[in-house]
Amino acid sequence: MKTRNLISGLMGATVLAAGMGWTPVSASDITITMAAPDWPPTRFMKEHFDATYKSPAGHNTTLDMDFIPWPSFYERVAASLTSGEQKYQMIVTDSQWLGAFVEGGYYMNLTDKIAADPELTAILQDLHPALVSAYSTYPHKTRAQLEEIGEVPAPGVSYYGFPQFPDTYVTFYRQDIFCHEGEMKAFMDKYGTNLPCSYEDWQDTDWSKWGQIGEFFQRKAGDMLAGETLDDDFYGIAYQAGKGYDFSTMQINAFVWQQGGDIWDESKAPSAQAEGVVNSDVAVAAFDEYLSYLQYMPPVAKTGQMDIFVIQDLYMQGKVGAIIDWVGLGEPVLDANASKVHDKSAFGPAPGSRMADGSIDRTGNIGGQPFVLTTWNSDEVVGEALNVVKWWLSPETQLEAVKNGGQSGRMSVMADPSYNSLRPWNRAHVEMIDWQKDVWHIPEFFEMLTQQQEEFDKAITGQISAKEALDEIAEFQQELLEDIDMIE
Amino acid sequence: MAEASSTQGGFGAWLLDPKRRGALLVAPALTILFVMNIFPLLWSFGLSFFNYKASSQRTPKFKGLDNYADVLTDEKVWERFQTTAVIVASSVLLQLIVGFLLALLFAKAFPLRRIVLMLVLTPMMLSFVSVGVFFKLFYEPTFGIVSYVLNFFTTEKFVMLATPAGAIAGIVIADAWMWSPFVMLLVLAGLVSVPKYLYEAAEIDRASKWRTFWTITFPYIKSLLLLAVLFRTIETFKLFDIVYIITEGGPGSSTETIAVYLYRTGFQFFKTSQSSALAYIVLFIVIVLTNLYLYAVNRREAEVS
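From first to last, the protein sequence lines are chains U and E. Residue numbers are given in my numbering: position 282 of the first sequence equals residue 282, and the series is strictly consecutive. One gets my numbering by counting positions in the second sequence from 1 and adding 1000 to each.
Accuracy of the hints is not assured; some may be wrong.
Below, in silico cross-link-like pairs of lysine-lysine (PhoX-like), each with a Cα-Cα straight-line distance of 25 Å or less [as the list claims (entries may be wrong)]:
1. U:K319 to U:K190
2. U:K340 to U:K268
3. E:K1076 to U:K467
4. U:K220 to U:K54
5. U:K220 to E:K1196
6. E:K1209 to E:K1222
7. E:K1209 to U:K87
8. E:K1196 to E:K1238
9. U:K390 to U:K344
10. U:K268 to U:K87
11. U:K220 to U:K344
12. U:K185 to U:K220
13. E:K1136 to U:K319
14. E:K1076 to U:K340
15. U:K87 to U:K54
Listed next, with one range per pair, are the computed distances between beta-carbon atoms [as the list claims (entries may be wrong)]:
16. U:Q317 to E:A1029: 44 to 54 Å
17. U:S28 to E:T1031: 54 to 64 Å
18. U:P139 to E:Q1082: 36 to 46 Å
19. U:R43 to E:F1039: 46 to 56 Å
Just so you know, the hints here were simulated from the structure itself, not pulled from any lab data. The structure presented is a predicted model; accordingly, all values stated were derived computationally and were not measured. Here a beta-carbon is modelled for each residue, glycine too, at the ideal position from N, C-alpha and C.
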């Protein structure tokens, strides 16, 4: 009797499912464990996934985010991958890690999957080429190389990641002091040029004016600032000058690239050299200019510990007039509970180098992270993980992410008329993303980065000159890269 | 009898037989020790003779003693050893001085002594990470308390961590703050073990304070002081957390201790075999120091008995 009931029930369910257009096969419980840095863009992804995601394949899918604090993110991910525990199905990764973990056999090559799936191909074609170059290709292809090939996906190029959070650095500034009439007049009187107040003013701000701003707003406790007496010292400007991870490098690369210098170019290996390029006269002059503005920054700059979080913190405490920092760190600045300047802040593009024709070159080092799939996933999990990629990069999800402090890498989403007004830094981000390049992606990147950061730090703290630092870096990189046959 | 119980009670009774109970009780601890300590030690020792990189899935090749030779001829390694030696010497000396003075203070009775003693012991109960973060914030030049206080006397903000010497001093102060109470405890134990009649005899003989200290107090505490020096030297030699949090080894590499360098080599550069070789060299030094420590402990025991 019981068996007959069960069979009747199953038949009824199958008929009902067929009638409602369901696919009654291969639906299963899938858990995707994703390593993710613990910050708002990934927290939002988890919340939004739980609220909105429905598997197109009918699976009961759970996104289990392993939120890892930023300072230990690389070590935790690296330890998990190299230990062989195979814990993660997806990973939010810095683009620089691609080489180490592709060569290690941990990140999945998605080239064939993309080529075989029109929806993924369409997404890739809609992603900003700077992001495809930095976040997806390994061996690394520059944006120019990809554009020269023309096709997307490009034949002979391997793709690994999609943007989880594309980040750029922009200027955060105090509108109350930069648009203060008295300060504007005093600045004009002193330097014969305007103090940038509007977005358009920041579009015309180069490094030279950045330095003037720094000098102008450096005030002591007891001095006046925008009509009020200061109870503590105040500083005009700040940017990354930190020994940790990639902090100094991200800003110094911008100076070098903008002025026509270069870092070792992995896309031209093995013919590209480090010596003579990394320490070229142009690079030395660019690094010297970077160093010259540190005198106007908060004294923590002298310790080489002025990282992206320190400058964000000093800005939110009202100690600095303008900083150059990642868009991803913008949201707390507008939080009344965390920031003293939440109602006084505005955003503009980062300054750049003035070219001979009067235009400004804003080439910068891209931030943000792609997300990738790991190699040990079953076909079913791979299929569902790619569904998660499509869900995250769908225009609806992307716009929701942007409303909540995220950014989109899709050009069609960035072209949406409402995009720039969704968050106050969006316009600057859209302008800056076109200027982005990336640092190296080879497996030895951490060794190169750490040595470079050390030498930069010595120069930042005044122990050696810019030339000495770059000579050391060039020599080290030349030797290392020759050893691994990346330089002939 | 045992046979009877095993037949009657089955496997449980057989296992709990008094003959096997001792082995049974130590088995979990031995298993954990083997899995967590001995096996990784042996494994990493083996790795130190290959060219293995944890980030790569390539088959390791045997390199013999090459990794040891590479490490010992690496200028950077010797620089890091020098930095470690400077930090160890400065920190242990400061801990001895402060710990000794605190012990002299607490050897005498005064109001609220117990409460003050408890407060003084608090730093050594904190985690390294907490202490590192505290001191990093103390030294922060814009809003840190050190700069704030010194700003009453100077016009400029005090930037402690801007120079190699200042950064080393910053680490030494943090480490000494944390561990001077430990030295104090050891010295205090020695001070309270000095028989009172010896001091009374010295007073009758009108011995000077210095002579009383040198001929009565010091012999009682010298072995404990040696213990403190060795124990703190071993611990400070491995100093990682405080350095990594306060300076990350900077400015440049001026405060990068051998432990920080070892970590970078192993977990950032993924030179697994080379870092294993370096780790064994460090382990060898620590074993030598530990043997000295055990020798001092034995000498103290002989003195007491």
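Mind checking the alpha carbons of E:K1209 and E:K1222 for me, to see if they're no more than 25 Å apart?
holds, 17 Å
25 Å Cα cutoff - pair U:K220, U:K54
violated, 57 Å
Between E:K1136 and U:K319, does the CA-CA distance stay at or below 25 Å?
Judged against 25 Å, a Cα distance of about 18 Å means the pair holds.
Is the straight-line distance between the alpha-carbon of E:K1076 and that of U:K467 25 Å or less?
Roughly 21 Å separates the two Cα atoms, so the pair holds.
Take the C-alpha atoms of U:K220 and E:K1196, compute the straight-line distance between them, and say whether it is at most 25 Å.
Not OK: U:K220 and E:K1196 at ~60 Å, beyond 25 Å, violated.
Taking 25 Å as the top limit, are the C-alpha atoms of E:K1209 and U:K87 close enough?
Violated - the C-alpha atoms of U:K87 and E:K1209 are around 67 Å apart, more than 25 Å.
Are U:K390 and U:K344 close enough, with their CA atoms no more than 25 Å apart?
violated, 37 Å
May I ask you to test the hint 54 to 64 Å on the CB atoms belonging to U:S28 and E:T1031?
violated, 37 Å
Hint check for E:Q1082 and U:P139 - Cβ pair distance inside 36 to 46 Å:
This hint holds: roughly 40 Å between Cβ atoms.
Does the alpha-carbon distance linking U:K220 and U:K344 stay inside the 25 Å limit?
Holds, at roughly 21 Å.
Next pair to validate is U:K340 with U:K268; report whether the Cα-Cα distance is within 25 Å.
At roughly 47 Å apart (the allowed maximum being 25 Å), U:K268 and U:K340 break the hint.
U:K319 and U:K190: Cα distance at most 25 Å?
holds, 23 Å
In this structure, the earlier hints numbered 2, 4, 5, 7, 8, 9, 10, 14, 17, 19 are contradicted, and the remaining ones agree with it.
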